[in-house]
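All chains, full assembly: derive it from the sequences and hints.
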Amino acid sequence: MNDTGASVLGARGLRKEYGKGEGLVRAVDDVDLDVAHGETVAVMGPSGCGKSTLLHLLGGLDRPSGGELWLAGQRLDQMGERGLARLRRTAVGFVFQAFHLMDELTAVENVELPALLAGQPARTARRRASGLLDRVGLTDRAAFLPSALSGGQRQRVAIARALVSDPQVVLADEPTGNLDSRSTMDVLRLFEDLHADGQTLIIVTHDSRIAATADRLISMRDGAFVDETRLTGGSTGNLGALAGLAGLTERDG
Amino acid sequence: MQQEAVLAMLAKEPSHGYELRARLRQALGPLGDAMNDGHVYVTLTRLEKAGLVASEQSAGLPDRPDRKVYALTADGQQRVAAWLAEVSWPRPDLAEFHLKLIAAAAAGLADPLAIVGAQRRELLRRLRDAQRAALAEPDGSAAGLLLEGIVLRLQADLRWLEACERNWTPRKDRS
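Same order as they appear, the protein sequences are chains A and B.
Heads up: the first sequence begins at 1 in the working numbering, then just goes up one per residue.
Heads up: the second sequence begins at 1 in the working numbering, then just goes up one per residue.
Simulated from the structure, these hints should not be mistaken for laboratory data.
Warning: the hint list may mix true and false statements.
As the list claims (entries may be wrong) - For each label pair, taking beta carbons as the anchor points, the in silico distance ranges come out as:
| no. | chain 1 | residue 1 | chain 2 | residue 2 | range |
| --- | --- | --- | --- | --- | --- |
| 1 | A | Gly198 | B | Ala136 | 14 to 22 Å |
| 2 | B | Asp139 | A | Glu17 | 47 to 55 Å |
| 3 | A | Thr139 | B | Glu162 | 35 to 43 Å |
| 4 | B | Asp75 | A | Asp197 | 51 to 59 Å |
| 5 | B | Gly140 | A | Ala122 | 35 to 43 Å |
| 6 | A | Pro46 | B | Asp37 | 42 to 50 Å |
Claimed, not checked - In silico negatives: residues of chain A with every beta carbon more than 10 Å from chain B:
| no. | residue |
| --- | --- |
| 7 | Gly21 |
| 8 | Arg75 |
| 9 | Gly137 |
| 10 | Asp197 |
| 11 | Ala211 |
The C-beta atom is built at its ideal place from N, Cα and C for all residues, glycine as well.
Right, dumping it as structure tokens:
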């Protein structure tokens with residue numbers, strides 16, 4: 001039954017198991033998920049809770065042991081290898097903690113690579129890649145090799161690459177895990193911009209700053225969702241009190 | 001926040017209330033939004049009563065409703081110097097929350113994990129607000145630095161809540 005019509009991505013009873021008998025590990029254990037178009041969802045949980053495995057299943061990098069999975073209106077769990085590979089190239093953008101850029105390619109070549117692999121003409125791919133580098137604020141680094149870029153700049157290149165095929169959903173696995181505070185802010189700002197532009201985002205993270213940018217936060221433990229929180233609309237609107245300004249802002253303070 | 005902070009903002013030079021207000025605004029950015037002009041004048045009046053500030057009518061600005069110029073008295077200067085040297089630091093009230101969890105579990109009144117979860121949701125919303133405000137500040141703004149401090153404290157509190165969650169998870173399973 002496909003009742004995920006309005007969502008970009010949906011899962012029902014999704015499972016991923018490793019090993020068997022006593023050694024059976026339920027990395028993802030009966031997960032239901034619907035992600036609406038334009039939504040940012042953060043998944044948090046301790047190491048080994050299955051959140052990265054979940055992300056790999058959602059992006060077609062790994063095959064579920066059971067359950068149903070839809071992306072962009074297509075059933076992933078029943079799809080053949082070739083279809084899955086095509087879907088990964090066209091419908092999904094991946095951002096990894098370790099960036100995973102090609103060391104021997106320049107920034108712009110890294111960004112355009114997925115578009116070239118997807119069969120776009122070289123000129124179109126280059127134009128799009130250059131536009132995306134501009135968007136992530138790295139126009140002047142287009143001809144640099146990754147080794148000449150800072151960690152934050154590499155991650156921004158990786159985000160531009162994830163966007164080059166205009167994906168239905170961007171999946172990010174600990175995108176700020178290797179970044180300092182300042183670069184984290186750059187990536188946060190970028191994710192906020194993507195969100196404002198209607199990009200659907202699923203982010204697996206330890207970083208509460210990244211999680212706080214999401215519309216919805218899912219807590220995961222032992223392969224299952226244990227808590228789900230909507231973060232939008234709950235604004236306290238009282239930042240001053242957080243900074244200890246209460247004494248000055250209250251008449252009787 | 002202590003009144004000394006307002007007092008110290010006057011130490012630069014004798015100022016009109018609106019100048020003091022502008023200085024505070026620049027330092028606090030969006031955090032100062034909740035503070036209206038009335039608050040500043042109430043504080044100035046109190047400081048004046050306490051003999052820490054003196055005011056005099058300034059000449060030459062008949063069209064301004066706010067013609068008083070405020071300046072530190074000798075006592076006020078001493079107070080500011082003492083305040084600058086003071087090693088005070090706001091103390092987060094962690095003990096209260098800690099006891100809340102212990103009391104809830106001991107009396108079986110509430111699930112500590114549910115309390116931790118509710119607290120985490122609240123802190124994440126605050127983090128979201130603070131972070132949005134921080135991202136909206138231009139590079140190098142004074143208010144941006146203050147917001148960064150709020151964000152870092154909230155992150156520390158959220159990490160402590162993770163520790164609380166780890167601590168209470170097995171206890172819950174045993175009971």
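Please flag the earlier hints that this structure goes against, numbers listed from lowest up.
-> Violated hint (a single one): 11; every other hint is consistent with the structure.
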